[in-house]
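Chemist: Listed below, chain by chain, are the residues.
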Amino acid sequence: MSDRLVELGANPTARRLIGALGLPIPLPQKLRRGRGPWPTQPLADRSAAVDVASDGTLADVLAHALVPAGASVALVGSDAARAAFDGVAEAWGRPVTSIDRDAGGRADLLVFDATGLRSVDDLNGLYGFFHPRVRELARNGRAVVIGRPAEACEDLGAAAAAAALDGFVRSLAKEIGRRGATANLITVAPGAEANLGPALRWILSDRAAFVTGQPLHVGSAAGSAEDAPTTRPLEGKVALVTGAARGIGADTARCLAREGAHVIVLDRPADEALAREVAEEIGGSMVLADVTDDGVVDQILAHLKAHDQRLDVVVHNAGVTRDKTLGRMSAEQWELTLAINLRAIVRMSEGLDGALADGGRVVLMSSIGGIAGNVGQTNYAATKSGVIGVARHLAPALAKRGVTINAVAPGFIDTRMTAAMPAVNREVARRLSALSQGGLPVDIAEAVTFLASPGARGLTGQVLRVCGGNFVGA
Amino acid sequence: MATRKKQQAAPATRRVVIVNGVRTPFQKAFGAFMEMDTIALGEAAVKGLLARTPVARDQIDAIVWGGVILPAGAPNVGREIALDLGLPASVEARTVTRACASGLQAITDAAASIALGEVDVVIAGGSDSTSNARLELPQTLVHKLAPVAMSGKSGPLDYMKAIASLSPARDLIPQKPEIAERTTGEVMGQAAERMAVRNGITREAQDRFAAMSHHRAAAAAESGRFSREVVAVETPKGKTVTSDGLVRANTSEEKLAKLRPAFRKDGTLTAGNSSPLTDGAAAVLLMSEDKALELGLTPLAVVETWAYVGVDPADQLLIGPALAIPKALDRAGLTLADMDLVDLHEAFAAQVLCVTKMLESDAFARERLGRDAAVGVVDEAKLNVHGGSVAIGHPFGATGARMVSTMAHELATTDAKRAVLGICAAGGLGAAAILSKWEAAT
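Chains A and B, in that order, give the protein sequences. Reminder that position 135 of the first sequence reads as 135 in our numbering, one-by-one numbering, no gaps. Reminder that position 363 of the second sequence reads as 363 in our numbering, one-by-one numbering, no gaps.
Because the hints were derived from the structure by calculation, they are not lab data. Some hints could be false.
[To be verified] Okay, the calculated beta carbon distance ranges per label pair:
(1) P12/A with A363/B: 38 to 44 Å
(2) A163/A with A363/B: 37 to 43 Å
(3) A363/B with A270/A: 54 to 60 Å
(4) D358/A with D415/B: 56 to 62 Å
(5) D358/A with K265/B: 54 to 60 Å
(6) A72/B with P12/A: 38 to 44 Å
(7) D45/A with A373/B: 26 to 32 Å
(8) A363/B with G389/A: 27 to 33 Å
(9) A180/B with S2/A: 31 to 37 Å
Where a beta carbon is used, it is the ideal one built from N, C-alpha and C, also for glycine.
When you get a sec, could you build the whole thing from the sequences and use the hints?
Modeler: Okay, here's the thing in structure tokens:
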């Protein structure tokens, strides 16, 4: 289902005309999305204004996340921070310039290291950095604030300042969304600095086009992501994707395969033709089973044994909606939704634990419906908040062997399901987001692929909303 | 951060020596050699090589030839040279292409074959005639006409229809030949221009280097040093060309400073500090050491090691030699300090200066080579001692063979013991090779 306003907005003449006439038509920016495998330089020739905290703890990590990725950095920071950047900059021929915090200027990427905040007063630095630059942030630009988790702060002032970053970023996301630009917060637990790089590199890239207004919490429970591959991250890995015959599941299978994974496409026997097509297209294999079948785990284990494989990545994508307000909802509608969307995941998580390799990745499909609730979706929303519980519950135990588990919560995505909505509802749903448009299945697939990569080691037990900054439940 | 891959142990191989090396004079495109295509130029070089080297024709096993603009009708240039020169039919041939590193590719390819014992005596070299690059008709024209022409059922009416469907602007105007990257669309000079900016290479430094290249090449011609390797060529028009046509002894930094930027209005690269489009060829005679001694020949130099690398062409297109040189040095178990001569292909003065800057950078070594310290400082006294491509010219396929030839003669006639070569090439490729003086076993 094409979005006419996005198309109109991409036409410079129409954009000028509507502007000149002062028509009250919102023109969303067509999002720049990366195609093909992760490139060696996802930030090639992007200009970045970077403000490094005075203690310079993160300078080396930031330099390595930005410069080899292709960004040209203008730096606010101490001489020590500058020195950390200079070495990397020389090696990659990306000279770093020093700038004043209040200087302003055009940039593609704005990165503010707020890990040095010690008091509410220190938040003035945040204002000082973004205020002169925000209006000149490029289309499809990126703003990222890096802070400490408030609970890791020792004194009250620092905790208050750290928590303030969340509201700042969420609001900034809404202000810059019309330009297709995103704003996100990354918190880094002390000692988890080495895990920041891959997350920052990804969120700044055009693979994260539909993620905005979100916090990502980087920790080190599952170990360190140092030396994680930056291209073909899933080379040699085996990934299972349930519900992969169509839609988001099929795109996820394609993205994982594109980055090197052998993907096992799992779907219902009734969808064999579609599942086979996907499996053949990506050189994967196929398991035909209903996730609610008693024998599904055994079927997967038998398939793995026959191919002498272990699972490195599991994506629990299969899901259904059976929307009715609770009073009108039949017991079958309730039961079916719970069986597919939640009970099957609990059972498969237990059954596949032994087949999941150390350092593995599990991604669950949640929904903003599960976070915010929705009329007619008591069953669906229950399962979608249920999977968040699954991720949170399993994360600590899995982390001991380097496994991470996270949920992805899509917002309004232009799919077959949403194409069936009444036109007015669909139009409203699209515009009620910071980016003023719906996402594409590939946006979800890209987020899953990042969470499945070795570099995402710092993220576990979390919900990543891929919603374009949806106003619902934000 | 970069990590160094472990080298695999090499199989037992034979020593490969360079017995001789020559080249044609290098001439500006559409100049003295305009009527000579890449095959004719290659013949001139091989003929000169054989005239100067006492080796029986039937001892030659093969020709390995390098070229970039290959004639569509006869792409195996090496074989055409052998046949045209009337070499024994048994002299087999192949033609290799690796953009501007094609000439070196031919030589290392030949060296590998000799080292593995496949062959004993090989002529390797390369040529290119920029004057004879074909203007290409748009592929849309081919797509419209070919199906009609190739179908047995086509009648006059089908031809009329196909011709009527042609658009003069889109289908009939030939495409302008450009050395643009296929993946990025960027012309090489623009890529070098960006590299100069990113690595802080000034216009002054480029012009100074370019002037030095011209002065050194002019001195080598003047002193007779080049007569060891430059052979006279008779053109189809009956004119005999004996010396390079592009070298300017009387140029200076001041004169070069007056030239206008060639690739960007505010740029620093000019026609004066870039290599020009050139016609020419170079050829080298390689043998196994045993064979050379058996034939009573005195080798000039030994081919030690070589390395090829690839970098992202969208990043720094021509930085490859800074990665290839340390790789070749590692393979030889040597350091840059062990090198008495450094010969870098000068696609652009700026690009050479970018490469030497990276070789001298501790940060580059740490971040991109997984080494603790810089590869080393390139002493200007050792660098391109007889000038380079900016002054002499750059027939794409010939340059690598020219450099090998010049370094082999230099090792044979001076006290220098080892030389390293570095070449950048389209597609983000880098090449390097190490040669050493040949010394008789005592």
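Chemist: Hint by hint, note whether the structure agrees.
Modeler: Quick rundown of the hints versus the structure:
For the pair P12/A and A363/B, the supplied restraint of 38 to 44 Å holds, since their beta-carbon distance comes to about 42 Å. In this structure the hint that A163/A and A363/B lie 37 to 43 Å apart at CB holds, the actual value being about 38 Å. Checked against the given bound of 54 to 60 Å, the beta carbons of A363/B and A270/A, roughly 59 Å apart, stay inside it. In this structure, D358/A and D415/B meet the distance hint of 56 to 62 Å, their C-beta atoms being roughly 59 Å apart.
The hint said 54 to 60 Å for the Cβ distance between D358/A and K265/B, and at roughly 57 Å that hint holds. Between A72/B and P12/A the Cβ separation comes to about 42 Å, which falls inside the hinted range of 38 to 44 Å. The hinted range of 26 to 32 Å is satisfied by D45/A and A373/B, whose Cβ atoms lie roughly 30 Å apart. Taking the beta carbon of each, A363/B and G389/A are about 48 Å apart, not inside 27 to 33 Å as hinted.
At roughly 34 Å, the beta carbons of A180/B and S2/A sit within the given window of 31 to 37 Å.
Hint 8 from the list above is the single one not met by this structure.
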